[in-house]
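In the order they appear, the protein sequences are chains A and B. Numbered per the working numbering, the first sequence spans residues 1 to 89. Numbered per the working numbering, the second sequence spans residues 1 to 150.
If you're looking for bench data, these hints aren't it; they were derived computationally from the structure. Keep in mind that a hint or two might mislead.
[What the hints assert, rightly or not] No more than 25 Å apart at the CA atoms, straight line, and that leaves these computed lysine to aspartate or glutamate pairs for DMTMM-like: (1) B:Lys129 - A:Asp16; (2) A:Lys31 - A:Asp70; (3) B:Lys141 - A:Glu6; (4) A:Lys44 - A:Glu6; (5) B:Lys61 - A:Glu63.
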Amino acid sequence: MKVKIELFGAARDFSDQSLLELDLGQKTTIKDIRNKIIQYVDQKFYGNENYIKIINSSAFCSEKNNIVSDNYKITNNEKIGIIPPIGGG
Amino acid sequence: MLHTDIVDSKVKKLSLIDAEKFIASNDFGASLIFSGTVRSQNNNKSVLGITYDSHDTLVIKSFEEIYNEAEQKLNIKNKSVFIEHAKGYLNLGEISIIIAVACIHRDEAYVLSRYIIEEIKKRSPIWKKEHYTNNQSDWLKGNPIVNEKN
Numbered sequence: 001m002k003v004k005i006e007l008f009g010a011a012r013d014f015s016d017q018s019l020l021e022l023d024l025g026q027k028t029t030i031k032d033i034r035n036k037i038i039q040y041v042d043q044k045f046y047g048n049e050n051y052i053k054i055i056n057s058s059a060f061c062s063e064k065n066n067i068v069s070d071n072y073k074i075t076n077n078e079k080i081g082i083i084p085p086i087g088g089g
Numbered sequence: 001m002l003h004t005d006i007v008d009s010k011v012k013k014l015s016l017i018d019a020e021k022f023i024a025s026n027d028f029g030a031s032l033i034f035s036g037t038v039r040s041q042n043n044n045k046s047v048l049g050i051t052y053d054s055h056d057t058l059v060i061k062s063f064e065e066i067y068n069e070a071e072q073k074l075n076i077k078n079k080s081v082f083i084e085h086a087k088g089y090l091n092l093g094e095i096s097i098i099i100a101v102a103c104i105h106r107d108e109a110y111v112l113s114r115y116i117i118e119e120i121k122k123r124s125p126i127w128k129k130e131h132y133t134n135n136q137s138d139w140l141k142g143n144p145i146v147n148e149k150n
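With the sequences and hints as input, model every part of the structure.
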């Protein structure tokens, strides 16, 4: 299934677009998405360690705007936000 | 009473006057207006400006949660709170955040204002990209988001 990942903060450097579109199997969870983004960054940015660190320390946000755990199951075409470490103010 | 907003710097600048007007009331004896501004130095680098990024919906939600918690956690029932955060590019000296609070007594106003900014730092999905005098720019590292409900 297709999953759109909305990029925020440091994760915006992963693409020129504001979204990544990933192809994932059925019964996909946030954990799978995290691994898929790592795989994508690994290929596109030659294993950029800083980017991988950002992904590993990111939270994820559902289309209903809730922070969700790694076990959260994605529905088809759901838009998920990647929330890298924050620091406003 | 609560007012919250994420303000796009291309559209409008944050206004201390707006904040002061919102919290003004004869019901309250103590008012505090906190503002955060873009400064010229960070980590030994000369800063020209900052681009702020925000997950607007989650940020507003976090502001509302923080406001509602003040009653349970701090026992501050009567209050007026104005929170605005900028997004987009800001030059040195420009205001990135305003937290204005009005309470019955000064103790409550100081505690509430400090509580709000510290919780925003921990929980509101806002990011900073600093732009330096050497034409480089960097996203600041930040801290993993703390989800109050987990």
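The hints, checked one at a time:
Distance hint between Lys129 (chain B) and Asp16 (chain A) is fulfilled; the C-alpha atoms sit about 16 Å from each other, no more than 25 Å. Of the pairs offered as hints, the one joining Lys31 (chain A) and Asp70 (chain A) holds, with about 5 Å between alpha carbons and a cut-off of 25 Å not exceeded. Straight-line distance between C-alpha atoms of Lys141 (chain B) and Glu6 (chain A) comes to about 19 Å, which keeps the hinted pair within the 25 Å bound. For the hint pairing Lys44 (chain A) with Glu6 (chain A), the CA-to-CA distance comes to about 18 Å; that is within 25 Å, so the pair holds.
The suggested pairing of Lys61 (chain B) with Glu63 (chain A) holds, with an alpha-carbon distance near 14 Å, which does not exceed 25 Å.
In this structure, every one of the numbered hints holds.
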